[in-house]
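Colleague: In order, the protein sequence lines correspond to chains A and B.
Counting in the numbering used here, the first sequence runs from 100 upward without gaps.
Counting in the numbering used here, the second sequence runs from 100 upward without gaps.
Think of the hints as simulated: they come from the structure by calculation, not from any bench.
A few of these clues could be false.
Because identical chains cannot be distinguished in the list, a pair is counted as satisfied if it fits within a single copy or across any two copies.
[What the hints assert, rightly or not] When the alpha-carbon atoms are kept at most 25 Å apart in a straight line, the in silico BS3-like pairs for lysine-lysine are as follows: (1) K102 with K128; (2) K102 with K189; (3) K184 with K114; (4) K101 with K128; (5) K101 with K114; (6) K189 with K117; (7) K101 with K184; (8) K184 with K102; (9) K128 with K184.
There are 2 protein chains.
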Amino acid sequence: MKKINLYAESGFDDKGLKRLLVNDSPYFKILNFNFRAGQELPVHAHNLDGQISLAVLEGRGEFLGADGTTLMAEAGDVLVCDISKPYGLKAHTDLRLLVTIAPPI
Amino acid sequence: MKKINLYAESGFDDKGLKRLLVNDSPYFKILNFNFRAGQELPVHAHNLDGQISLAVLEGRGEFLGADGTTLMAEAGDVLVCDISKPYGLKAHTDLRLLVTIAPPI
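Excised from the complex, chain A in its bound form (with noise of 0.2 Å):
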């Protein structure tokens, strides 16, 4: 059994987002994105099979989407989407995400 505890491996940083890897295998990529409020992971999308999830662990933003759709992102919420298709996450307070990968990019 490997773990790793978010809160005490990763932090903010007002320079940008603070990104923490914290799974890389043949089945599945997991990272941990931290945002401070204002920061964005801008819509962006990879031309592959496989879909990733964005679980918002604490904080409140939006979901991007194509053509400038949006979804409000809070605590609990989990998008899934394919990784062909656009997404992305602007963050309205600090906030905190796990995103899971798969197959692994």
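Place chain B on chain A using the hints.
Modeller: Below, chain B without anything else, positioned relative to chain A:
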């Protein structure tokens, strides 16, 4: 974009673990298990390739492993293990767990 809010969509059940299927696709299966204090996901394993991640969203308890091994579990903990290795969880307080399995089983 498809999202689900775990706090809005699921609660607790005094009679046993409350399970919510969040996503099932060829890439990964995502589940939310809510434990009342004292409830347990017994140690088990699957004779399959793949990995599972257990992310504690709130609450405290202990991860259970082979031969009585335990590891403290608290909010922000992410445990990753092979599906073929024994794992489980016992909750000491009400506890919300986000589980991702890749490939899905």
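Colleague: Regarding K189 and K117, is the shortest C-alpha distance of 25 Å or less found within a copy, between copies, in both, or in neither?
Modeller: Only inside one copy: K189 and K117 sit 14 Å apart there, 31 Å across copies, limit 25 Å.
Colleague: Is it within, between, both, or neither for K184 and K102, if the alpha carbons may be no more than 25 Å apart?
Modeller: between (31 Å within a copy, 14 Å between copies)
Colleague: One pair to classify: K128 and K184, alpha carbons no more than 25 Å apart. Within, between, both, or neither?
Modeller: Both ways: K128 and K184 sit 18 Å apart in one copy and 19 Å across, limit 25 Å.
Colleague: As a check of your reading, is K102 near K128 (CA-CA no more than 25 Å) within one copy, between copies, both or neither?
Modeller: Intra 14 Å, inter 20 Å, cutoff 25 Å: intra and inter.
Colleague: What label fits K101 with K114 when the C-alpha limit is 25 Å: within, between, both, or neither?
Modeller: neither (30 Å within a copy, 30 Å between copies)
Colleague: How would you label the pair K101, K184 (within, between, both, or neither) given a Cα cut-off of 25 Å?
Modeller: Result: close only across copies, 12 Å inter versus 32 Å intra.
Colleague: Using 25 Å as the alpha carbon limit, work out where K102 and K189 are close: within a copy, between copies, both or neither.
Modeller: Between copies only: 16 Å across chains, 28 Å inside a chain, cut-off 25 Å.
Colleague: Could you figure out if K184 and K114 sit no more than 25 Å apart (CA to CA) within one copy, between two copies, both or neither?
Modeller: So K184 and K114 fail the 25 Å test inside a copy (27 Å) and across (40 Å) alike.
Colleague: Please sort K101 with K128 into within, between, both or neither, judging by C-alpha distance up to 25 Å.
Modeller: Answer is both; intra-copy 15 Å and inter-copy 20 Å each pass.
The structure shown violates the earlier hints numbered 3, 5.
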